[in-house]
Amino acid sequence: MRKLYLSTTVIFWLLVSAFWASSLWLPPAEESVAVAAEKVISRTELAKHALPDNCWMAIRGTVYDLSAYLPRHPSPPEIVLPWCGKEATQAYDTKTKGRPHSAYADELLARYRIGILAANKP
Amino acid sequence: MFLLRWLSIPLLVLLATAGPVYWAFPEGLSPARSLGIVLGWAGCGLLLASLLLMLRETWLSRWLGGLERMYQWHHRVGMAAYVLLLAHPLALAADAWPASPVLAWQTLSPFTQGWPVRLGWLSLLLLMLGLAATFATGLPYRSWRWLHVSLGVGVLVGLWHLLQLGIEEPVLPILALAALFLGWRILREDSGLAARPYIVQSAAPVADAMVEITLKPLAEPIAVTAGQFVLVAFFAGPTFRGCGEFHPFTVSSMGADREIRVGVKALGDCTRRIQGMEPGVLARVHGAFGTFLAERPAAPQLWLAGGIGITPFLALLRTGPLSQETTLVYLYRAEADAAFLQELRALAEQDPQLSLQALATGNDPPNLDSLLPATRELAGHECYLCGPPGMLAAVRQSLHERGIKPRHIHFENFGFR
Numbered sequence: 001m002r003k004l005y006l007s008t009t010v011i012f013w014l015l016v017s018a019f020w021a022s023s024l025w026l027p028p029a030e031e032s033v034a035v036a037a038e039k040v041i042s043r044t045e046l047a048k049h050a051l052p053d054n055c056w057m058a059i060r061g062t063v064y065d066l067s068a069y070l071p072r073h074p075s076p077p078e079i080v081l082p083w084c085g086k087e088a089t090q091a092y093d094t095k096t097k098g099r100p101h102s103a104y105a106d107e108l109l110a111r112y113r114i115g116i117l118a119a120n121k122p
Numbered sequence: 001m002f003l004l005r006w007l008s009i010p011l012l013v014l015l016a017t018a019g020p021v022y023w024a025f026p027e028g029l030s031p032a033r034s035l036g037i038v039l040g041w042a043g044c045g046l047l048l049a050s051l052l053l054m055l056r057e058t059w060l061s062r063w064l065g066g067l068e069r070m071y072q073w074h075h076r077v078g079m080a081a082y083v084l085l086l087a088h089p090l091a092l093a094a095d096a097w098p099a100s101p102v103l104a105w106q107t108l109s110p111f112t113q114g115w116p117v118r119l120g121w122l123s124l125l126l127l128m129l130g131l132a133a134t135f136a137t138g139l140p141y142r143s144w145r146w147l148h149v150s151l152g153v154g155v156l157v158g159l160w161h162l163l164q165l166g167i168e169e170p171v172l173p174i175l176a177l178a179a180l181f182l183g184w185r186i187l188r189e190d191s192g193l194a195a196r197p198y199i200v201q202s203a204a205p206v207a208d209a210m211v212e213i214t215l216k217p218l219a220e221p222i223a224v225t226a227g228q229f230v231l232v233a234f235f236a237g238p239t240f241r242g243c244g245e246f247h248p249f250t251v252s253s254m255g256a257d258r259e260i261r262v263g264v265k266a267l268g269d270c271t272r273r274i275q276g277m278e279p280g281v282l283a284r285v286h287g288a289f290g291t292f293l294a295e296r297p298a299a300p301q302l303w304l305a306g307g308i309g310i311t312p313f314l315a316l317l318r319t320g321p322l323s324q325e326t327t328l329v330y331l332y333r334a335e336a337d338a339a340f341l342q343e344l345r346a347l348a349e350q351d352p353q354l355s356l357q358a359l360a361t362g363n364d365p366p367n368l369d370s371l372l373p374a375t376r377e378l379a380g381h382e383c384y385l386c387g388p389p390g391m392l393a394a395v396r397q398s399l400h401e402r403g404i405k406p407r408h409i410h411f412e413n414f415g416f417r
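One line per chain: the protein sequences are R and X, in this order. Each residue of the first sequence is one higher than the one before, counting from 1 in UniProt numbering. Each residue of the second sequence is one higher than the one before, counting from 1 in UniProt numbering.
One or more hints might be untrue.
[Said to hold, decoys possible] The following label-pair restraints were derived from C-beta to C-beta distances:
#1 Trp13(R) <-> Asp208(X): 41 to 51 Å
#2 Pro26(X) <-> Lys39(R): 42 to 52 Å
#3 Ala336(X) <-> Ala18(R): 49 to 59 Å
#4 Ile11(R) <-> Gly280(X): 49 to 59 Å
#5 Glu325(X) <-> Ile11(R): 26 to 36 Å
#6 Ser143(X) <-> Trp13(R): 19 to 29 Å
#7 Ala21(R) <-> Phe135(X): 26 to 36 Å
[Stated by the list, open to error] Partner residues aside, some chain R positions facing chain X, computed with beta carbon under 10 Å:
#8 Thr8
#9 Ile11
#10 Val80
#11 Glu107
[To be verified] Not close to chain R: a few residues of chain X, all C-beta gaps over 12 Å, as computed:
#12 Tyr22
#13 Leu156
#14 Glu169
#15 Pro217
#16 Arg272
#17 Thr319
#18 Thr327
Simulated from the structure, these hints should not be mistaken for lab results. The structure presented is a predicted model; accordingly, all values stated were derived computationally and were not measured. Every residue, glycine too, gets a C-beta built ideally from N, C-alpha and C.
Given these sequences and hints, build the entire structure.
And the structure:
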């Protein structure tokens, strides 16, 4: 049992170190989102995408298509799904419990960016 | 009944693991992420089972096949949970690897993530520290015990990590159960609420660094049979100061007047202090536990005792003449270590069913080939072994070589760490 503890702990730390080292030394993957030709999305259009498998959200003026990500979100669906098709900045910034999302979440979110929310348009 | 007892712990562990995994089983996710989620929930269920298996209740130990077995499974299940929980964040990071090594590290790193991930890390580090202490045999018992407590804290922090992720439905009942098991252990068992009050009536040296203590009940006595052990904490007397910790001691005698006697060998700081025991010391006794000599068949028997391992056999011999033909092989290092030898010789002279072979082995391992009966003579025997782990392993091996099947070999290590 002691051998199992020692070997698994050492392997764990070696793999954690490998993840850390590769994040420093391996080149980052190409950005999957092109932001050059940014689409302007109205609130009416946003509201049409309010289903679990077709879920857009506006956060800090940017619109994200989170349909593919939702199954991976760690919180239960009932916490996230009500915000599909809506302006969700407040919910994202507070996680409905007064705590902001992490920098990691910000980076992950950027991968699902599809446009910007139209200002003052229905 | 035997099968039910044998299956009880595996079934319990399976249920505790499969329940949360079934509830949280992911659909439509990548294999690595699904694996990470399943590993996390399986580890969580195993930890809960491990907490249940550390409870010291006589009724629970009867259901689950004895305290010794519960502790073996407590160690195995806890270790399995640790391995799965180590793999849990690694699988989640591996899922992000194809997208970007940076994203993979950010999935894992406590520095770029919020409190849910930081709590997950804290939980893993507490489990790592607690297990490191568990395997550190050189630590004093008291330090070891407190470091072992960090495992319980690690479990609670791990469940807090799940709550921070917004997962409340199965986590709150699991958290309630984990807190119940930990509180139960601390209040009822470590604090002695489940134990009965006794007072030391006498203490007599029986060998080098070994004393036999007679305990008289101050209230309702515990129920005990030969071969069982009790957990005893000794407190203060006129001049003696006990360490107040519960330690396991085998019962060497059950008196008709409800007194019990326990044999205590100086093996650590606390048991060394107990060698200076005096009458009038207050004690709390919890138990009795163990099924070592219970349900013995009518077949002829071979008993093999090493050192203080003689006490369960002595307890049985003191209850009266044997009904089975029995050979008792008693091994000890030197004559000065041979506790109860004169009494055993007297019992063997009075009881025609008992044949005693007592032997001083010195510091070298005994030659079991010459000590144990030949294969032909052992046929049909039930073998009962009690002694240090190294001796038990060697004797079991020798008995296997003589064709004795495992179901006819009964043993207890009395090892609690």
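Okay, which hints does this one fail, numbers in order? Numbers 2, 5, 14, in rising order.
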